[in-house]
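Can you make the complete structure from the sequences, with help from the hints?
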Amino acid sequence: MKTEILKIAAAHLKPFLLILSLVVLYRGHNEPGGGFIAGLLAGMAYVIYAGAFGVGKAKQLRLAKPMFFMGLGIGIALFSGMIGLMNGAESIFTGVWTTLTFGTYSLKLGTPLLFDLGVYLTVAGMLVKIIFTVMEEDV
Amino acid sequence: MLGIVPASLFFVFLSKIPAVGWADDFKEVYPWIQDLGIGFSFNLDGLSLFFALLVTGVGALIMIYAGYYMRSYQKTNRFFGYLVFFMAAMLGLVTASDWITLFMFWEFTSISSFMLIGFKHEKTAAREAALQALLITGVGGLALLAGLIMMSLPYDTFSFEAVINDPQPFLQSRLFVPATLLILTGAFTKSAIFPFHFWLPGAMQAPSPVSAFLHSATMVKAGIYLMARLHPVMESQELWIYTLSVFGVVTMFVGAWFALAQQDLKKILAYTTVSALGTMVLLIGTSTAYSVTAALVFLLVHAFYKATLFMMAGNIEKITGTRDMNQLGQLNRYMPVATVISLLALLSMSGIPPMIGFIGKELMYEAKLNAPAAGNFILLTGFLANAFTVFVSLRFAFGVFWNKKQDFKKQPHEPDLSLLAGPAVLVFISLLLGIFPNQIAGLLGPAFQAILPGETLIKLKLWHGFNEILLLSFLTVLLGIVMFVFRKAIIRIVSYLNSNYFNLKLSQRFFAGIDVFLNFTKKKTAVVQHGYHRFYLMTIFIAAALLLILTMPAIDFQFDFDLKFDGLSFFVMLAAIMIIAGSIAVVVAQSRLVALIAAGFVGIGLTIVFILYSGVDLAITMVMVETLTVVLGAMVVYHLPKYLNYSGVGSRIRDGIVAVFFGFVMGFLALQTSKPTTITKISDYFVENSYPKAFGENIVNVILVDFRALDTLGEIVVLALAALGIVSLLKLNARKKSSR
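The listed protein sequences derive, respectively, from chains A and B. All residue numbers for the first sequence refer to this note's numbering, where the first residue is -10 and numbers rise by one. All residue numbers for the second sequence refer to this note's numbering, where the first residue is 32 and numbers rise by one.
For the record, the hints were derived by calculation from the structure and aren't laboratory data. Some clues are possibly wrong.
Claimed, not checked - So the derived list for chain A, only partly shown, Cβ under 8 Å to chain B, looks like this:
#1 GLY23
#2 VAL108
#3 VAL112
By construction, the Cβ of each residue, glycine as well, lies at the ideal position given by its N, Cα and C atoms.
Shown next as structure tokens:
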């Protein structure tokens, strides 16, 4: 399966897919997208890479720490639920929103987005972990 | 250093003594589950303060002691974590003023006790003892929860006040008897009351600071606390009085009896603790001013001397390497200070003046003399139990500090100052309070009021004059000494009787019961969890289809469909053809890979449908999931043997029937949902509120991350767990292969 074409494509697709996944994650609140899809996309970036270069190489990538990201994701999701509580809401997962403004650009941020980030990280981590393990089994 | 926290808390609580008694001053309420009337609320009244002082005061001394005692152990930070967790749980338990809050902290203490007993988890005995204690107190905890809920049913709230201020609705409810028995089961398991007492001697596997703190001074008193707390509600009930009296008497006697012939210092102390706990239950059940005063004084006395003795037993074990009576002796030569401290504590345990233990015992006799029901029998058993305790104390003192037998594993020496500080302080207080007993009246008074409102605390005195009680005390000590003179014969007789007639083996029977249960569940699991994936799927499909059919009448299901095929666009037709062709291909495929790809085809067809009907989110997800499924499937298929015709005609027909059946049910359901119905859909709420309340236009996403965020959190946790499960399964398999 290790063809040159796939290798070059995978190496270039990886950053592209990662950035795309972040875009999908952010726009999820108002347009199609969201943490789950974005997480799958990000995971795919690594799966394709592993398919082209082998799991051993893929595992050496800087961000290839799926277990860490799974834990971090659940932690972030849980934490995002607590923010509302700290702000005096009655139950957890009450949304809190702020708008950051940089000159003419404004960025709407809220705890649901943070929560979605948690979903994103967990899903990506899970996907990478499972596929890497199954692929290792192959060798 | 950790001792500072409980010590400072102790002084905080101490400063509250003068103020306690005027209720509501120390009330903290945090709303929790308001719909069910559950509040996260605390209140500090006399009884709570009494226990809180006990927990923090003894806790501080134990912390100092443990700081040095645990030095030779591994993972001590974990140990102290558990210990502080326990202390917090215990404080929560005694200050809670809501039954559910109390229950929660009650369970926390069980869990921390489990971890502390099993702290030396390399030892099988420690693990078994920990599990046994957890299971018994856990079952008791569940019974307690059920009982508390039953008790609170006539009220709208779970707060203490409701039932304590107005017990009539509960007393007259039909659930009074079961609720009371369940609550008592909880209290009895926690306080090691016969027949649940056997976990406590087993718990001696824990390091000594734990035995001193949890299993003598505080945690086992939680049951006593609960009974004292409920006493004002129940005091007029015969069920309550008789249950407490009977179980109290039996436990008092059984504990003292089994303490007689033990050889292990900590086991001796554990059985006398069981006896003491029985005594306290009995005293509360007797329900007179004398008995409740006696219960409170004895509780305090017992905490002091028993914690001291446990700490000394720990010291002795640490220094000589053993805590077996047969190997110890003449320690007074090596550790004079420790000897004096232990002897004073033993004096207190035997109830000999001038220790406060004497006052405790005098009050006990006074209470038993005045006991309304079956007074003589209770007096006799109490007398015997006390004489046994005197005997045990003498044996402890003589066997450890004078006896000639010596079989030390190490050369003994005086324990470090920090190992002696805690015991010394406790003994000193015992002595001081024995001479000036009314110093604690200010503390006991409000606690007494909480148990027996309307009566007053009996004045505490060291010297009552020559009367029948003093005579009883004297006779007790005399009998103890006489027994000690004939100790060899007595120990032989008791051991003989224990092993031949009273060999209850409750602990072994308990484990045998657990084994039976485990075997049963194994068999049951083998039937339900047979391990054939295809049958799991079949079960799920059939069950889902049947449930759907069952609910159809409820949604006014009608079998009149008006199917129209004209007006469908080209793309829909294409998708439909793809799906149908794919499905047929899956069924007739001759190799796994082909079947897999055909299944992918069906998925892509569905995706097109989603896109056409503007479910873009679903479509994107679907594409990825389908792709991944095919990729993963291909990897798995690669390893499997060639397509074998493993399913016969019969099973194929069976599978076909199930598949078609499920397909039809789902199809009808899908057609039904497209018709206008009278049911209000929850999706309308989401559509209306998505933007105004959650500032999102993508409804699917808003539901996922905002309205139903808790569900999603659960889902991603499941995902992570599934990943871990898959990984560990595969890794395990790989290891097996490599080892082969």
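| said: Does A/GLY23 hold up as a contact with chain B if the rule is Cβ-Cβ below 8 Å? | reply: holds (4 Å)
May I ask you to test the interface hint for A/VAL112 with respect to chain B, counting a Cβ-Cβ separation under 8 Å as satisfied? Interface hint status for A/VAL112: holds (6 Å vs cutoff 8 Å).
Taking 8 Å as the limit, does the beta-carbon of A/VAL108 come near enough to a beta-carbon in chain B? holds (5 Å)
The earlier numbered hints are all upheld by this structure, with none contradicted.
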